[in-house]
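Peer 1: Starting from the known structure of chain A, fit chain B onto it as the hints suggest.
Those protein sequence lines, which keep their order, are chains A and B.
With the numbering used here applied, the first sequence corresponds to residues 1 to 88, in that order.
With the numbering used here applied, the second sequence corresponds to residues 1001 to 1277, in that order.
Read the hints as simulated data drawn from the structure, not as lab findings.
Treat the hints with care, as some may be off.
[Unchecked claim] Chain B stretches covered by chain A per the calculated footprint, using a threshold of three residues with CB under 8 angstroms from any CB of chain A:
id, region
1, 1116-1130
2, 1134-1147
3, 1199-1206
4, 1214-1227
[Stated by the list, open to error] Some but not every residue of chain B turned toward chain A, in silico, with C-beta under 7 angstroms:
id, residue
5, Pro1058
6, Ile1161
7, Glu1172
8, His1174
9, Glu1211
[Unchecked claim] In silico lysine to any residue, SDA-like type, Cα no more than 25 angstroms apart, as pairs:
id, chain 1, residue 1, chain 2, residue 2
10, B, Lys1059, B, Gly1025
11, B, Lys1114, A, Gly84
12, B, Lys1114, B, Arg1083
13, B, Lys1111, B, Ile1089
14, B, Lys1225, A, Ser37
15, B, Lys1098, B, His1174
16, B, Lys1114, A, Arg81
17, A, Lys50, B, His1174
18, B, Lys1059, B, Thr1197
19, B, Lys1077, A, Phe71
20, B, Lys1146, A, Pro61
21, B, Lys1059, B, Glu1019
22, B, Lys1225, B, Thr1197
23, B, Lys1111, A, Gln66
24, B, Lys1059, B, Lys1077
25, B, Lys1059, B, Gly1222
26, B, Lys1111, A, Met46
27, B, Lys1146, A, Gln68
28, B, Lys1114, A, Gln77
29, A, Lys50, A, Ser37
30, B, Lys1114, A, Pro61
31, B, Lys1098, B, Lys1114
32, B, Lys1146, A, Asp74
Glycine is no exception: its CB is placed at the ideal position from the N, C-alpha and C atoms.
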Amino acid sequence: MTAPPLSAADMLNREFLEIRAGILALGAALDRIERASGDTADDPRMARIKQALARLGGERPGRAEQVQLIFSLDYDQAWRRTLGVDRG
Amino acid sequence: MYYLDPHIHMVSRVTDDYETLAKMGCVAMSEPAFWAGFDRGSIDGFRDYFRQLTEFEPKRAGWYRVQHFTWLCINAKEAENVRLSREVIAMIPEFLDKPGVLGIGEIGLNKNTKNESIVFLEHLDLAMRTNEQILIHTPHLEDKYKGTRMILDMLCGDSRIDHSRVLVDHVEEHTIRHVLDEGFWAGMTLYPVSKCTPQRAVDMIEMYGPERLLVNSAGDWGPSKPTAVPDFILAMRLRGHPESLIRKVVYENPIEFFSQSRGFQFTPPEVPQTAQS
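Just chain A, same shape as in the assembly (with noise of 0.2 angstroms):
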């Protein structure tokens, strides 16, 4: 563990502009989705990226961690039997 030397005042003023263009980008990005023809309500990438949002909006750290595996296939331990793979 190495702490971050700067203050999360200071953090935050470097990432303020950075956040809120990247909030920015996401909202016009869903907003492109909806106003173009057809529907992607069914469609799993769209469950997937509201699950995303409410991850960020919560308190508990681990964030990007988290992120990363609403976007993640599941790991089965036993994947050798399941695909048929002999212990190496």
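Peer 2: Then chain B, alone, in the frame of chain A:
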């Protein structure tokens, strides 16, 4: 600041990139064998590729006083052809004692299939029989978590493997802890869209510390930036981290990891003496 890029595909880059990297402080690089953008059709295609990696690229790097090292394998994208993969694996030992060869890599998984797993396990066996270090590619995007866990399962299932001689590359926030907890080295790849940014790499240094962590550009034939490691150095400085910590990650760590390979004959750059008044 001098640095090493532990993972960059220079066969895909123009000679001007060697010059740019040298100007930015790159003193050495390691180039794993990878996918050419198309599936090669024969064993001779791989033999020629391995000659390029072990003969021509070190020469081209040397024009700019950059030291070039390499890793050999057939990559996961071509592993669906198991017969060809086995021919390549049988041919690799012809090249293992060439100067600058560091080991077997970048082996790994792509779509986490049965054939990819079989070829990965056979590469591991080759590395153990020939006492080579291993460099591992982990899959992209939604396949990364599952594939990384499968890879770790296979590595940990082979008692012959010394974890400190294995580098698991392209880690991100959801895979880095699993890799480090098992005692492997972890590489963070700074790559647009599908991997990690310099800022997120700095975050992971802050969260996990600098031990057994490397940073690379994976510059290749796709949209990528061969000077991504200097971007990371700048991001560390702007975040207020000391030069000693930055140097550990971009210079001392790769040397420590590579020094476990008999093929790593590295000549450090001369550091100018401080002018006496």
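Peer 1: Determine for every hint whether it applies to the structure shown.
Peer 2: Hint check:
Taking a C-beta to C-beta cut-off of 8 angstroms, the region 1116-1130 of chain B contributes 5 residues in contact with chain A, enough for the three needed, and the coverage statement holds. Counting residues of the region 1134-1147 of chain B whose beta carbon lies closer than 8 angstroms to any beta carbon of chain A gives 6, which reaches the threshold of three, so the coverage claim holds. For the region 1199-1206 of chain B, the assignment as covered by chain A holds, since 4 residues bring a beta-carbon within under 8 angstroms of that chain's beta-carbons and 3 suffice. Chain A is given as covering the region 1214-1227 of chain B, and this is violated because 0 residues of the stretch bring a CB closer than 8 angstroms to a CB of that chain, at least three being needed.
Taken as an interface hint, Pro1058/B does not check out: its beta carbon lies about 33 angstroms from the nearest beta carbon of chain A, beyond 7 angstroms. At its closest, the beta carbon of Ile1161/B sits 10 angstroms from a beta carbon of chain A; the interface hint therefore is violated under the 7 angstroms criterion. The beta carbon of Glu1172/B is positioned within 7 angstroms of a beta carbon in chain A (closest approach about 6 angstroms), and the interface hint is therefore held. A hinted interface residue such as His1174/B counts as satisfied when its beta carbon comes closer than 7 angstroms to some beta carbon of chain A; here the least separation is about 4 angstroms, so the hint holds.
Below 7 angstroms, beta-carbon pairs count as interface contacts, and Glu1211/B has none with chain A, the closest being about 10 angstroms; its hint is therefore violated. The straight-line distance between the Cα atoms of Lys1059/B and Gly1025/B is roughly 18 angstroms, inside the 25 angstroms bound, and the hint therefore holds. Distance hint between Lys1114/B and Gly84/A is fulfilled; the C-alpha atoms sit about 7 angstroms from each other, no more than 25 angstroms. Of the supplied pair hints, the one linking Lys1114/B and Arg1083/B holds, its CA atoms being roughly 14 angstroms apart against a limit of 25 angstroms.
Taken as a hint, the Lys1111/B and Ile1089/B pair is honoured in the structure, with Cα atoms around 20 angstroms apart against an allowance of 25 angstroms. A hinted pair counts as satisfied when its Cα atoms are at most 25 angstroms apart, and Lys1225/B with Ser37/A does not qualify at roughly 36 angstroms. Distance restraint check for Lys1098/B and His1174/B: the Cα-Cα separation of roughly 37 angstroms exceeds the 25 angstroms cut-off, and the hinted pair is therefore not satisfied. Straight-line distance between C-alpha atoms of Lys1114/B and Arg81/A comes to about 10 angstroms, which keeps the hinted pair within the 25 angstroms bound.
A C-alpha spacing of about 19 angstroms is found between Lys50/A and His1174/B, which places the hinted pair at or below 25 angstroms, so the restraint holds. In summary, the hint linking Lys1059/B to Thr1197/B is not supported, as the alpha carbons are separated by about 31 angstroms, beyond the 25 angstroms threshold. At most 25 angstroms may separate the alpha-carbon atoms for a hinted pair to count; Lys1077/B and Phe71/A meet this at roughly 22 angstroms. This hinted pair checks out: Lys1146/B and Pro61/A have alpha carbons roughly 23 angstroms apart, not beyond 25 angstroms.
Our distance criterion of 25 angstroms between C-alpha atoms is met by Lys1059/B and Glu1019/B, whose separation comes to about 13 angstroms. A threshold of 25 angstroms between alpha carbons decides the hint, and for Lys1225/B with Thr1197/B the separation of about 11 angstroms falls inside it, so the pair holds. With a CA separation close to 22 angstroms, the supplied pair Lys1111/B and Gln66/A stays within the 25 angstroms bound. About 28 angstroms separates the Cα atoms of Lys1059/B and Lys1077/B, which puts this hinted pair outside 25 angstroms; it is violated.
Between Lys1059/B and Gly1222/B the alpha-carbon distance is near 24 angstroms, which keeps this suggested pair within the 25 angstroms criterion. For the hint linking Lys1111/B to Met46/A, the alpha-carbon distance of about 23 angstroms falls within 25 angstroms, and the restraint holds. Restraint check for Lys1146/B and Gln68/A: satisfied, since their Cα atoms lie roughly 12 angstroms apart, inside the 25 angstroms limit. Between Lys1114/B and Gln77/A the CA atoms are separated by roughly 15 angstroms; this keeps the pair inside 25 angstroms, and the hint holds.
Distance hint between Lys50/A and Ser37/A is fulfilled; the C-alpha atoms sit about 20 angstroms from each other, no more than 25 angstroms. Between the alpha carbons of Lys1114/B and Pro61/A the distance comes to roughly 36 angstroms, so the proposed pair goes past 25 angstroms and is violated. Distance restraint check for Lys1098/B and Lys1114/B: the Cα-Cα separation of roughly 32 angstroms exceeds the 25 angstroms cut-off, and the hinted pair is therefore not satisfied. Using a Cα cut-off of 25 angstroms, the hinted pair Lys1146/B and Asp74/A holds, with the two alpha carbons roughly 6 angstroms apart.
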